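Novice: Below, each chain spelled out in residue letters.
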Amino acid sequence: MHEIALRAECLQKRFGGLAAVRDVSIDVHVGEIHAVIGPNGAGKSTLINLLSGELFANAGEILLGATNITAFAPDRRARAGLGRAYQKTTIFPKFSVHENVRLAAQARSSAPLRMFGGVQSDTECHRRAADAIGNAGLSGRSQVIADRLSHGEQRQLEIAMVLATDPRIILLDEPLAGMGQSEAREIIALIASLKIGRAVLIVEHDMDAVFELADRLTVMQDGGVIATGLPQEVRTHPAVRAAYLGNYGDVA
Amino acid sequence: MFEMNATRLRVWLFTLACLIAAIALPFLAPTYYVQFFAKALIMGMLAMALNLVVGHGGLVSLCHAAFFGLAGYVLALLSPRYDAASLLTTFPLAVLSSAAAGLVIGALALRTRGIYFIMVTLAFGEMLFFFFHDTKVAGGSDGIFINVRPEIAVAGRQLLDLDKPITFYFFVLACLVGVVALLTMVVRSPFGHALAAARDNERRARSLGFPIFRIRLIAFALSGGLAGVAGYLAAAQFGFVAPQMLGWHQSATVLVMVLIGGLRSVTGPLVGALVLIGLEEVLKAHLDNWKLAEGLIIIGIVVMLPNGIRQIWPMIFGSSPEVPVDAGRAEAEHAVAEARHA
Ligand SMILES: Nc1ncnc2c1ncn2[C@@H]1O[C@H](COP(=O)(O)OP(=O)(O)OP(=O)(O)O)[C@@H](O)[C@H]1O
Ligand SMILES: [Mg+2]
Numbered sequence: 001m002h003e004i005a006l007r008a009e010c011l012q013k014r015f016g017g018l019a020a021v022r023d024v025s026i027d028v029h030v031g032e033i034h035a036v037i038g039p040n041g042a043g044k045s046t047l048i049n050l051l052s053g054e055l056f057a058n059a060g061e062i063l064l065g066a067t068n069i070t071a072f073a074p075d076r077r078a079r080a081g082l083g084r085a086y087q088k089t090t091i092f093p094k095f096s097v098h099e100n101v102r103l104a105a106q107a108r109s110s111a112p113l114r115m116f117g118g119v120q121s122d123t124e125c126h127r128r129a130a131d132a133i134g135n136a137g138l139s140g141r142s143q144v145i146a147d148r149l150s151h152g153e154q155r156q157l158e159i160a161m162v163l164a165t166d167p168r169i170i171l172l173d174e175p176l177a178g179m180g181q182s183e184a185r186e187i188i189a190l191i192a193s194l195k196i197g198r199a200v201l202i203v204e205h206d207m208d209a210v211f212e213l214a215d216r217l218t219v220m221q222d223g224g225v226i227a228t229g230l231p232q233e234v235r236t237h238p239a240v241r242a243a244y245l246g247n248y249g250d251v252a
Numbered sequence: 001m002f003e004m005n006a007t008r009l010r011v012w013l014f015t016l017a018c019l020i021a022a023i024a025l026p027f028l029a030p031t032y033y034v035q036f037f038a039k040a041l042i043m044g045m046l047a048m049a050l051n052l053v054v055g056h057g058g059l060v061s062l063c064h065a066a067f068f069g070l071a072g073y074v075l076a077l078l079s080p081r082y083d084a085a086s087l088l089t090t091f092p093l094a095v096l097s098s099a100a101a102g103l104v105i106g107a108l109a110l111r112t113r114g115i116y117f118i119m120v121t122l123a124f125g126e127m128l129f130f131f132f133h134d135t136k137v138a139g140g141s142d143g144i145f146i147n148v149r150p151e152i153a154v155a156g157r158q159l160l161d162l163d164k165p166i167t168f169y170f171f172v173l174a175c176l177v178g179v180v181a182l183l184t185m186v187v188r189s190p191f192g193h194a195l196a197a198a199r200d201n202e203r204r205a206r207s208l209g210f211p212i213f214r215i216r217l218i219a220f221a222l223s224g225g226l227a228g229v230a231g232y233l234a235a236a237q238f239g240f241v242a243p244q245m246l247g248w249h250q251s252a253t254v255l256v257m258v259l260i261g262g263l264r265s266v267t268g269p270l271v272g273a274l275v276l277i278g279l280e281e282v283l284k285a286h287l288d289n290w291k292l293a294e295g296l297i298i299i300g301i302v303v304m305l306p307n308g309i310r311q312i313w314p315m316i317f318g319s320s321p322e323v324p325v326d327a328g329r330a331e332a333e334h335a336v337a338e339a340r341h342a
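In the order they appear, the protein sequences are chains Y and Z. At position 229 of the first sequence the residue is numbered 229 (our numbering), and the sequence of numbers has no breaks. At position 19 of the second sequence the residue is numbered 19 (our numbering), and the sequence of numbers has no breaks.
Next comes chain Y alone, as it looks inside the complex (with noise of 0.2 Å):
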């Protein structure tokens, strides 16, 4: 059993009448990969911007560590370690890549808001930009503007910037969307090397990916859990089969 990096106890979102999200309980592990899915519309996206705190939880709580995070702010729980990619790119469009994740290991650096002495002198700062580019596989492109970038580079950029905050836990929404075969394949390797000496929760709709990366699967449906555990455990479980896992019948 591995350290737990986040936990969410019974966490509930309601949008006027509809409740997104309804009593969730996830444990997410370092070491371990954690994917939910669920149909459109089950609340992962919800339950995602719960976690990292873009919408505050009617009810429930959430646990960083040992850290109660529930009443922090989404630039707070950052600081505290949890990072992010989300499920429509997002990026600073018009800075150049290495400057995207110079800005992201700014943000965890010992002075991210020092007013005196230009970007440049931080060396620090510059070094871990630059691992976390090569990690996520842009090396080489580094000085191309960010929105020049081919959509799966551009994931591929999201991540390197997730990964030079050097966060605990990292949550991906569907990073998978969009993308092409080829580009679908570098982008599951890299998700796949995340895991180590972290956590990380990924929501993604393919089916092939989730089962090929997940140590441990949460399924969802109007938004609530129905089913949690090992892959293959899930796989099986006569109420995910009816309700969800239904329609990918060759691959369950």
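By construction, these hints were calculated from the structure, which means they are not laboratory data. This one's a predicted model, so the numbers in the text were calculated from it and none came from an experiment.
List of simulated lysine to aspartate or glutamate pairs, EDC-like, C-alpha gap at most 20 Å:
#: 1; chain 1: Z; residue 1: K164; chain 2: Z; residue 2: D83
#: 2; chain 1: Z; residue 1: K164; chain 2: Z; residue 2: E151
#: 3; chain 1: Y; residue 1: K88; chain 2: Y; residue 2: D147
#: 4; chain 1: Y; residue 1: K94; chain 2: Z; residue 2: D200
#: 5; chain 1: Y; residue 1: K88; chain 2: Z; residue 2: D200
#: 6; chain 1: Y; residue 1: K88; chain 2: Y; residue 2: E183
Go by the hints and put chain Z with the ligands onto chain Y.
Specialist: Then chain Z with the ligands, alone, in the frame of chain Y:
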């Protein structure tokens, strides 16, 4: 690499040439032009201060004239009637008052975004305007005179006297160099990069761990303080302050200077101020209805220049991904984003 250095060298040489010309000016030109140029440089300072929040922070403020005017009023209220005020105490006090006003107004206005931010800053600016206009604190709508300009005196000996036009001019020039140096340093620092990051993608900057509100508030207060530097100098130059100094007209004029000069550089707005004030001077001398001509020319410049309007548009009407602070709208926007994706 070599090319980089060559451009850099050119920039440095150009800056040096401008500085030498500015230093030589009072020895070559008649006093009228020296005073006129000093006035233009002061407005340039105000425009550069404003651009820290507009160009680098993506926050279109319409209350910077209030910071400008407030510092002027502080000088006026601290000046003895028949004596020179001490520069060393009134200058920092005036600048700090403007920065403090920036801190308070920023703390409230920065909870809104886009067009709402503009309206809230406008409202606060007008509040300060009417405070000086409608109360007897400082002469009401008639304004108040500063009979003797500030000085630095040690043990009765006068070291610096702003009453002398040439001294005043060089003091303005020194302040200008200081403001440019400070803004350049801030814009290039990690803080400045974080400010620009929040402008380009607030949601991403926040989820990386940047405290957006604090960053913007610091920038807003700093910008207010620098507007105060300009306001102090303007009040000292005219020897008079009136509520018009704080009005939205003034704020809008400075915004036009920023648009003309471009949003992305530190000194662009200074150029914008020189162009606008120079244009006004020329038109005034040659045309009866010069305001009409000026308006048309400004519209022409702002529309034709690639920098101005196109960059300010998304700040007002929001095309970049932004997360409003209040939860209701945040969620609504989130829903839209998700719906678009699906
Ligand atoms: N800000 C919001 N306001 C109102 N309703 C919302 C909001 N965000 C999400 N919802 C609703 O909550 C439910 C869950 O949405 P969510 O985006 O979490 O689903 P999802 O599992 O991520 O779906 P997908 O696979 O399509 O990304 C949906 O019915 C959605 O319409
Ligand atoms: Mg989703």
